[in-house]
Amino acid sequence: MSDDSKKSQSGAQSGAQSEAQSEAHKPEPSYLTAQRGLMSWVVTIDHKRIGLMYLTATLFFFLIAGLLAITLRTELFTGQQDFMSAATYNKVFTLHGAIMVFLFIIPSVPAAMGNFVLPLMLGAKDVAFPKLNLLSFYIYCIAAVMLILTLVLGSLDTGWTFYTPYSKTTGTAVIMATMGAFVAGFSSILTGINFVVTTHKMRAPGMTWNRMPLMVWALYATALIQVMATPVLAITLFLLVIERTLSIGIFDPAMGGDPVLYQHFFWFYSHPAVYIMILPGFGIISELITVHSRKHIFGYRAIAMSSVAIAVISFVVWGHHMFVSGQSELAGIVFSFLTFVVAVPTAIKVFSWVATLYGGSIRYTTPMWYALVFLWTFTIGGLTGVYLGTLSIDVHLHDTYFVVAHFHYVMVGGTVVAFLGGLFHWWPKMFGRMYNETLGRISALLVFIGFNTTFMTQFFLGHQGMPRRYYAYLPEYEAMHQVSTIGSWILAVGLFLVLFTLIHAIKYGERASSNPWNAVSLEWHTASPPIEHNFHTTPTVTGSPYDFPEIDKTGKH
Amino acid sequence: MSTKASEHEDRPWFLAHHFDTVGQQVSSAKLGMWLFACTEVLMFSGLFLAYFIIRQLYPEMVLTASEELNKTAGGFNTIVLLTSSFTMALGVRAAQTNNNKALQRNLLITIGCAIAFMIVKYFEYTAKIEHGLLPGEYYSALEHGYMLPKYSRVFYGVYFTMTGLHGVHVLVGIGVLSWIYIRARRREFSSENYVAVENVGIYWHIVDLVWIFLFPLLYLVK
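Taken in order, these protein sequences are the chains called A and B.
For the first sequence, my numbering assigns the number 236 to the initial residue and increments by one for each residue that follows.
For the second sequence, my numbering assigns the number 10 to the initial residue and increments by one for each residue that follows.
The following residues of chain A were derived to be distant from chain B, with all beta-carbon distances above 12 Å: (1) Glu-263; (2) Leu-290; (3) Thr-306; (4) Ile-374; (5) Val-387; (6) Thr-405; (7) Val-551; (8) Ile-597; (9) Tyr-622; (10) His-631; (11) His-633; (12) Phe-731; (13) Ile-738.
Partner residues are not named here, just some residues of chain A that face chain B (Cβ under 8 Å, in silico): (14) Ala-359; (15) Phe-364; (16) Ile-424; (17) Ile-428; (18) Val-462; (19) Met-463; (20) Ala-469; (21) Ile-477; (22) Leu-481; (23) Ile-485; (24) Gly-492; (25) Asp-493; (26) Phe-500.
Which chain B residues stay away from chain A? Per the calculated CB distances, all over 12 Å, these: (27) Gly-83; (28) Gln-105; (29) Val-129.
None of these hints come from the bench; they were simulated from the model.
Glycine included, every Cβ here is placed at the ideal spot set by N, Cα and C.
Bound-form chain B, shown alone:
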């Protein structure tokens, strides 16, 4: 009736002391990650709400100001992130099927895509800063020859806040993906023990998902 944790020999090395079975550990880790994913979505939803309220208050301003964003760069980044989500999913599959080589390869491509995304973002930000399309009191578009409607600064405030917070998540993603990659190189993962890969995958898909909404709302208003 009671499952005593005395059979220490039978316990795999990755099973923590307070769990009875691997199944319990895996399902706990997954549930925890999904809850964390919910908190991420809720946190961004606050920003989306702020965006919609600004857009409802000043629809014309948002239309005009968003025209200054670089649709090509945004579109390129969307493709990059979608690709990385795909390779991430392939990586999880590789871990499940004990294909460590494919896991490492896919993780590397995913990290590469994430870095590419940040590089494009860097050039986009630089362009905005040079043209004075900045939030709040740093807004100086007029001096740079832009005739944008009143309160355009609020749009750039929202733009920098949303993409900035998303960018921070991409950087964190690069960090955790690298950590998983190092563990994969140490051959820690197998078809029995891959929940860490899967959880990082969930995180990465959330980062991707947020961008899927950010891109049309900020870049493709018209």
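Isolated chain A (complex conformation):
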């Protein structure tokens, strides 16, 4: 693979480095210190600052929704009602899901991390539309306020999917919540448009499509899905709001409408949205694996193209959420088959990562630990997805804990683990400080143990018939529920340790060099933290972003 990118090796992407350093006689202030005062942050159009603001906001909502999750798990410690009523439990799991999906996972990697690294990786001064970027952040803030307002307005108990006809009849604040998700969608669309245009138009001289870092490919594929799928969610939620206010009857069987139509609409967006959540995670892992094993990525083009293939196929698999909704048998068979198809490009990625590790000089840094955790947990999440996509099996497992365990393995074991690995990987670039490696590794271990204890048991619970979304359960499930709850506490400790390690690094960490990992891609060829306009001179790219000089480059190891 990637043969052409290996032809030019000596220069690789480091041509810019020497040049940048020779010109940087006088140290230029970093983007963090170039301008001071609150206003310089509030009205900034610098993609790095916007990225950090996104990061702060998404991490805040991760904390909130995570605490809600711990509350849920604690209630489930015993089979009886402990401290939450059934209604409260419904509201808490709905908020947990809605905040995690719309305010954390969807914007976390693309909008927070992507905003920071995309222009740097492309060798650009900024994204294509910096003001639109800031607007997108404020739209996200408005959406966040609206979702929080639902708490005041009587909360929400529909689950994050807002299924009709229940979402039409429930007395809770469905309108405010759906409008919040609607507005969050606009933020997502604007970021998506911005990233697609940035990738097309802002690449540094010499940065051909086949020389882009795989993170950029992943962000590009994600942005395409955001642009193409989110408008359909917007119209779906808009129709739901109208349904509730004017009861136009499109989704209401009593008025002559079709409630299953809502499910089709919703999953037409929300299945691709699953890939909005995981694809950037793939991009991060591609970077972590290759940089920390000091070896050229195996199958560059296969990984790049599989991102795009996933983006395309993700639009035609939504029916696998609806096997028991009464859709035609033929549709069920076709959707089941297409679900198997989407596993192919995903497997290509996993095999390529493992092949990259093979024969590499693996450095067991914290990012690498997270990447290895990802390979474990994501593979389990992915394979159980194929299992669930099998028509005959899904009929039995639908709406059980098996489904809950599956998507947490993908979303937490996949996206969140990749996100954490990426945070450790790019933290020195963001703040110019190194984190404590020992604490980082312990956090990875705690996350791994805690996560698997929490969710592995839920596969068994689901297989034995434990339905999802119940606050109480039969006594025979109690033992495994308790294991799962204890696991969630371990996971929480691990995540708090991550928070501590990262904040500790900002305050007390050693100063990071411009390229602490000896990586090749462009973001490592400017100062840490970067200067306000990213590069002193526009860099010129002459080779692959993964040509590590000190390592065997033949790939035939």
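With chain A's structure known, arrange chain B on it following the hints.
Just chain B, lined up with the frame of chain A:
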């Protein structure tokens, strides 16, 4: 090899700091606008899908209920919007050829057409409201002497949603066209710098395009 952005004197005033050339800025703006146009089409396509499903479920009802819509008003509005699309295109051409006077004139006609469209729409809506041909629970056609088939309310729900969302887009169009008109009066545009005019033009054509599909599907079912 590297294009350093040090030649600040050579940079035209409208070139943003993060672009190297005007060509890069223009092509970025255009690509962004086309992507936005795609999202608009996708958003409306959801509504069109809902329309077709309702029509497939109740073909007779859609036929009968659509007879109550005012074909003359709809047809007039179609002509108005097509005219405005034409003047918009002339406006973009005027900007490209440095003809600022023609640009301002064409923008004014386009805005005028958009306002005319909304006025006609207002009278259409008023008539529907007076006759109780309304969505969902507000539907009261029977009391006003209309003998329409069961579930006709769903058709009017679809009608008001689709034309309502389209109307909002026309209002936004009036806003952005006015903004471009003010900038044109300040002589901001030239054959070098007209991408904002062109992008508003793309938006306006999308609004027109959606109506071209709405009109036959809602008004001319038979």
